[in-house]
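*Asks:* Below are the chains, spelled out letter by letter.
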Amino acid sequence: MARAVTQQRKIINTAAAWGIGLLIFFPILWTILTSFKTEAQAIADPPIFLGFDWTLENYSVVMERSNYARFLWNSIIIAGGSTVLGIIIAVPAAWSMAFVPSKRTKDILMWMLSTKMLPAVGVLYPIYLLFIQLGLLDTKLGLVIVLMLINLPIIVWMLYTYFKEIPGEILEAARMDGATLKDEVLYVLTPMAIPGIASTLLLNVILAWNEAFWTLNLTAAKAAPLTAFIASYSSPEGLFYAKLSAASTMAIAPILILGWFSQKQLVSGLTFGAVK
Amino acid sequence: MGQIQLNQVTKSFGDVQVIPPLDLTIEDGEFTVFVGPSGCGKSTLLRLIAGLEDVSSGMISIDGADQTMTPPAKRGLAMVFQSYALYPHMSVRKNIAFPLRMAKMDQAEIDRRVEGAASVLNLADYLDRRPGQLSGGQRQRVAIGRAIVREPAAFLFDEPLSNLDAALRVGMRLEISELHKRLTTTMIYVTHDQVEAMTMADKIVVLHAGVIEQVGSPLELYRNPRNTFVAGFIGSPKMNLLEGPEAQKFNAKTIGIRPEHIGISADAGDWEGVVGVSEHLGSDTFFHVKCDAFEHPLTVRASGELTMSYGAKVFLTPDQAHLHRFDDQGLRLG
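Sequence lines, in order, name chains A and B. Here the working numbering is used: the first residue of the first sequence is 781, the next is one more, and so on. Here the working numbering is used: the first residue of the second sequence is 17, the next is one more, and so on.
If we strip away everything but chain A, and leave its shape as in the complex, we get (with noise of 0.2 Å):
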């Protein structure tokens, strides 16, 4: 009998699951099939599921209209170099919390993490000023700059996690075969941590690739990323529905794909220490 009831419960988890799945993967399928349709069947009411006439003219009109290469290329350069250049100056911060740590470490911790519950609309205008200043605005160096800030107390938090596990013991032992600060962090702590950097690093090239606050408001043409690629398809004068769903296909197509090929990582990466 407890057979019965374990296998009945796997069904219905099961169930469970792939019901939630579909439910959260809806919006992308739904906006993925709107990209196929013609503007009239994007439209139509009742929604047409899979019954209409599939065209790719959506996805030509788009990449005649738009430079996608650009948008993309403009995103690659921002969502990396923003989650490398964080990772660099985070590997220092998180090793002096996780093994030199001070009275006020726990604070330090807790205030970079109340720095993302600010509105970021609330420092929109200062930013905007001292753009204009430095010269930064609609430069990709200014967005890799904002996104690394912005991402930077989550990349600390994920390594002072990961750098917490490692004991410490193995670095003592590293000072005592004679290597210095730098030989230590560059050929035991980074090494041992790679699992977690990898998906530190992972987690901020999808968070920086999706920022679309910073990206629409301080970027006008050159510097633009694919979230601006989107955000032209969503006009007030017409609607354009298939176009706008063939121009989001594109833009999250690629990190759609890094998500898939990394699901493993990430995840175990995400839920490393919670077990332990």
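No lab work stands behind these hints, which were simulated from the structure alone. Just to be clear, a hint being listed does not mean it is correct.
To be verified - Per the computed footprint, the stretches of chain B lying under chain A, defined by three or more beta-carbons under 8 Å from a beta-carbon of chain A, are:
hint, stretch
1, 85-95
2, 98-105
3, 114-122
Don't be surprised by glycine CBs; every beta carbon is placed ideally from N, CA and C.
Please arrange chain B on chain A, whose structure you already have, making use of the hints.
*Replies:* Chain B in isolation, oriented as in the chain A frame:
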């Protein structure tokens, strides 16, 4: 060379002073064991010598040079940790070679030394494995290998055997002693196990609450413990420490008599008692005897042949020549 001198060294964590002012000299080539119950400051003392902790005051000199402020990497000491502290992402070869790589030694010399250490420690077949693929004993050997390739001024061992099982521990104990005889390098070894201290040390430093209770050779400590703490700590099973009127007969607050220095007889003797639990080891038998004269039962060692049933009446006679007398402060008399 590896003479280490501590001069009025203290260590405090916040307001808590774990090591009050302490002086100690460890001679070149000596095998010194720091022994004491957990929390006595023995590991802290070792970490101060290593440079992994900073002294609160005082001076540490190695071969006559003041090294108090020198970072651990520059002191020329090697350390073996309780948890082995191997680098899990490196092969055994790279683990052993790491200190040499840090010293920017040339590759041919590194290879020569690593091979040498591996053959001494029977690790030659495991050089390309990762630490995770080795047994506890092998890991400890790798940790020792990593220490010896540097040819340090002194080795520091922090309870290196406590993660090993009993049988392996005895084997490794011999190997480390053997290594010391061969290298004749200064070794400082921290343990809470007085058997390790007795069997390995040239010199034992007994620590209690950060204070050195006694320094001496194993047999000095065994024969002439300076106070009741050392008397009770060194020797296994423990020395019987007895108080009361029987102790006063010897003009002492406390008398100490080791289990092996008490005669046991069914017919006659100084103290009458009742046999409690007996532990038969084969070679020896330990009887726990409750005497009316004393609050706590006494441990008595007898030949392995002797058997006494639980509750049997016996007489105990201490060997006067081996009786230790202690005063009100627990200090040795006479």
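*Asks:* Confirm or reject each hint.
*Replies:* Here's how the hints hold up against the structure:
no., hint, in the structure
1, 85-95, "holds (count 7)"
2, 98-105, "holds (count 7)"
3, 114-122, "holds (count 4)"
This entry satisfies every hint, going by the numbered hints stated previously.
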